[in-house]
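Chains A and B, in that order, give the protein sequences. Under our numbering, the first residue of the first sequence carries the number 1, and numbering increases by one thereafter. Under our numbering, the first residue of the second sequence carries the number 1001, and numbering increases by one thereafter.
What the hints contain is simulated information worked out from the structure, not anything from laboratory work. Keep in mind that this is a model prediction, so the values were computed, not measured. One thing to keep in mind: the hints can contain errors.
[Unchecked claim] Label-pair restraints from in silico Cβ distances:
| no. | chain 1 | residue 1 | chain 2 | residue 2 | range |
| --- | --- | --- | --- | --- | --- |
| 1 | B | His1201 | A | Ser16 | 36 to 46 Å |
| 2 | A | Arg415 | B | Val1176 | 23 to 33 Å |
| 3 | A | Val392 | B | Lys1186 | 50 to 60 Å |
| 4 | A | Ser16 | B | Val1176 | 47 to 57 Å |
| 5 | A | Arg415 | B | Leu1219 | 48 to 58 Å |
| 6 | A | Ser16 | B | Ile1017 | 18 to 28 Å |
[Claimed, not checked] No more than 27 Å apart at the CA atoms, straight line, and that leaves these computed lysine-lysine pairs for BS3-like:
| no. | chain 1 | residue 1 | chain 2 | residue 2 |
| --- | --- | --- | --- | --- |
| 7 | A | Lys407 | B | Lys1008 |
| 8 | B | Lys1071 | A | Lys404 |
| 9 | B | Lys1112 | A | Lys407 |
Think of the CB as a built atom: it goes at the ideal place given N, C-alpha and C, for glycine as much as any other residue.
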Amino acid sequence: MGALLKISIRNIHRHSRRTLSSAVTIAAGLTMFIFMNSMYKGMDYAAIDNMINLTTSSVKIHTQSYIKEKKSLPLDYGIDTYDSLTAYLASNQKVKSFTRRTEFLGQLSNYTDALPVVGTVVDPSSDTTVFNLHKYLEGEFFPGKSEKEIIIGRSLARELNVSVGDFVTLQALTRYESHNADEFIITGLINSSDPNLNKNTLFITYQDANIFLDLDNLITEIDLQVFRNQNLNIMTQEMEQVGTSIENHFSNLKTATFKELGAAFFEMAKQKQSFGMIFMLLILLIASVGIFNTVLMSVYERIREIGILRSHGMRGFDVMIMFCTEGFITGLLGSTLGLIIGSVANSFLIYKGFPLEAFAGNVNTTGMPVWGTIYGEWNPDVMFFAFIFGVVTATLAGLIPAYKASKMNIIETLRFV
Amino acid sequence: MLVLENIKKAYRKGDQIFNALNGVTAEINKGEFMAIVGPSGSGKSTLLNILGCLDTPTEGNVLYDGAELGKMSENELSSYRKKHIAFIFQSYNLIPVLTVRENIELPLVIDKVRTKKEISQKVMLMIEAVGLSGLQDRFPRELSGGQEQRVAIARALVKDPLLVLADEPTANLDSVTAEEIISLMKGINKTMNTTFLFSTHDPLVQKYAQRIAVLKDGLICSDERK
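Excised from the complex, chain B in its bound form (with noise of 0.2 Å):
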């Protein structure tokens, strides 16, 4: 369903241009947890980006069941995000002036297809999904580090994307909350057939991902599936 052919993406810093992906090819099919590994500066953010519409690559394709990404204009590019990709920070990146439910509902708000009463019952699901009941009327700065993240879970996978795009989803958790998460993104992955992608370092994220593809000077040096 997704498929990268041959992504380059330069920089200009100055009066250098630095190479950030060097001919990234590769197929991500439905379904998959997948996780991208590499040091830094290997590209793995560069590539989420461009797999999550934010940039665009300097040359080489995306597509995202037959449509081109490259060819696409800021405001179908905002509208292809809108609709299908959802993103999970290391940082949880929650909207402090909302609440629990709020936070959650956003995607659905801003996408404006869904009545109120669709949308309460599909937010209602999703906290019980991540495990927040009783929480939803609560601001980010009343919730842990973990809940935190469960928010940010629910509130990726509420509008049913095609692809969850998760940048160092554990990074801030201890290990037992980071496992508790990384089980839950599985448990949902299972269930649901949401596709997967991090771009991380943790281990424990590698534990759980059924394909690995690791990073090195912006391309894939080695992509394996468990």
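Bound-form chain A, shown alone (with noise of 0.2 Å):
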């Protein structure tokens, strides 16, 4: 085995460059796939920041009695230990932030038509240290200039033909049930990545709806937001750990994690991870075209080579062998070259970020849209695999015409020219 390696390696040296470009190949590929992977990831990850920071957060808290009713978003079955379960919260070191929210179903009107839709009443001095919505918006978040300021959907205020500055007439049940309607002005338009959020929503503030809805603080949601982690996975552990810890403390509360709450994306995340699995490992198959045209050229160079070995008892196995290390090594250059390289991309994605609007604009993934600057992840498991892939590509590829090397009329190989 000795001399076989020491063949392979005094080969590989001595057709440096066929060896360096066989290697720069497989490492574009790698350096491609773990650069592709990242980003992907990223895209994924800054769709679910979108969803977590528009509508999902981290984690949501309801009562037990609040979910079986959630369809009908009663103003009943409100979190009676709002006290206790903030200052557990606030002890929490995972928790970063959290707001209180209470949902409720109505009309808004513009004096000649009416459209249904779901309100929101929110805190706005804490809302923000949750949700994003404030980035979102034409005009300004709550800015408390006057009296019943409402804040609503884009798509809805064209429905409605109004605009900042106008007044809006919003129907609700109270809490009592009694029917109620107001005036309010519009200081905000959110235009944001969901149509939901911009089409059929609008956000009042406690102040407002403990007149308009009888509310009398009554709090029917908790949403919270757990440290952003640059692995996805920890993160949705961590959510999940919070969950848990709030269902232990308060028997009567349950909580949901982003990734219950946006299960169909997550679904739809999965099939297109699929596609984008295959396409790269396309890259890599292209790669290995690269390795196995080397090590058939370096047999093709090497046949009188061969032959000698064979004369001198060398089993067409061990000359198999010796092919197919020529192979492993280039693949072990080119998946380190590749892995280097792609780490440091990886790097440049994960710290400096993929400014993707400058590039293409707004991005559907997986119907949820992504925009601003993407950033990569460290995905040490596909880094690993793409590492071992190479170098098990590069070694099968060069099984074939190691193969054919093995099997050559020792007498035609000495023959040779």
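Grab the two chains, each in its own frame, and use the hints to assemble them into the complex.
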């Protein structure tokens, strides 16, 4: 084996340019694989970020009774342990911020037409620490310049033909199920990546809702954010841990992480990743064709050498091992190079980000548009897979020509010029 | 020790069958320095290939110390070749990426029987025997033709083979170097009692050979000892 390895290494060294070009082919494939995978994950993460920051938050908390009636968005079954819950959340180190919300059903009218809407009562002082609606707003986020301020989706505003500064009438059932209607002034229009949010949602403050809905500070929902982790899986685990600990401490409460709330999104993302994986495997296969070609050339250049070795009694199997070793070493070189370059490129994507908007504008990834800067993610398992794939593919690519070499007629190989 | 019994070899070329050997019968004893001569196409190389276990006869038997080669499998033939047979080629056929020392030790490394120390000692002895002391770390490209053939001889002899088969070993050498090489092999033949079998056109080899067999149309038509 020592002699085989020596001959293989010397041959690789002797044909250093050819070896280098093959190694670079694999390295390029691996770099693309690692970078694209990170990019895909980054786009998913950006879409998830949008989902968390606009609608789902990291974890939503309701009472168990409320969950049963949630479809009708009742002004009932509030969280009566609000003070102790917030004290618990404030002391939890994994929780970055939290806010209260209460949802209700209503109708919004421009005095001519009325449209059904989902209303959300928010606490302006803490809502922006969990959600970032204010970043997708035309106008102001509850400036407090007047009473009865309202924020509505831009698509809804278009349908009602109203704009910032206009008055609209909101009708809804109060907590005690009596009809109420009042005029609100529009201070902001939401133009977010979530079409539902733009089309049939409005936001008012607890201060106004306490009067308009006889709310008496009824809180049906607590939304919280955990600290962002570069690794999505770790962040998801932390959310689940927070949710479980809340349920353990408050038996009447039920939590749901963004993963449960966005189950459909994750199903689509999974399918998309499978397609992405096929695409990236194709890149690696193309690289393996380069290796195949290199080993094949190496075999043809050294047919006579094969004859010499076999005339000395070397078995065909040993000849095959020798050429496979060359493929293996080339693969090892290329994969290591690819891992290094891929890691550097990935570092750039992780720490500097990729300004997607500058290149492609808004990108729709599985129903949740992404904009802004995409950040990558370290995926050690994917990098390990890519590395092993590069080495194994290169070794296997050498197998066919190596097998041919081992089966050649010795006399013919010795006569080969 | 080596017995050829009515060796026949036929090749198929397209629709035609070409008979390279038509029934060669001979005995080659240990320590002989024998040349097989004859015109091109007479079957010299075919005979050497069969004797070297690189090819098998269509008919007949080859017996090495009683072992019948025709009954051996591919792997057994490889193993037999590895232990007992060595080749010296017209174009030296050294491995270009290995040094002189590594080329010479190659058969022993492939054999995997001797220790590193034994291999090293044996190789240094052979380097000295063929007059290449001081050149052991050079690569084939750094040697002259004569030096390359000396390496090939050392490589052939390093495993103490029963039989050394030399196919036109002087064809690529000038007359002075050719004589040096033949003289070297003759010396080794005398001192080590190694059997040499040449396929050659070279009168110089014939001059040194103690036995000359003339092959014509696949048959030995003359076999004379000096």
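Tell me, which hint numbers fail for this structure? Going through the list in order, the structure violates hints 4, 5, 6 and respects the others.
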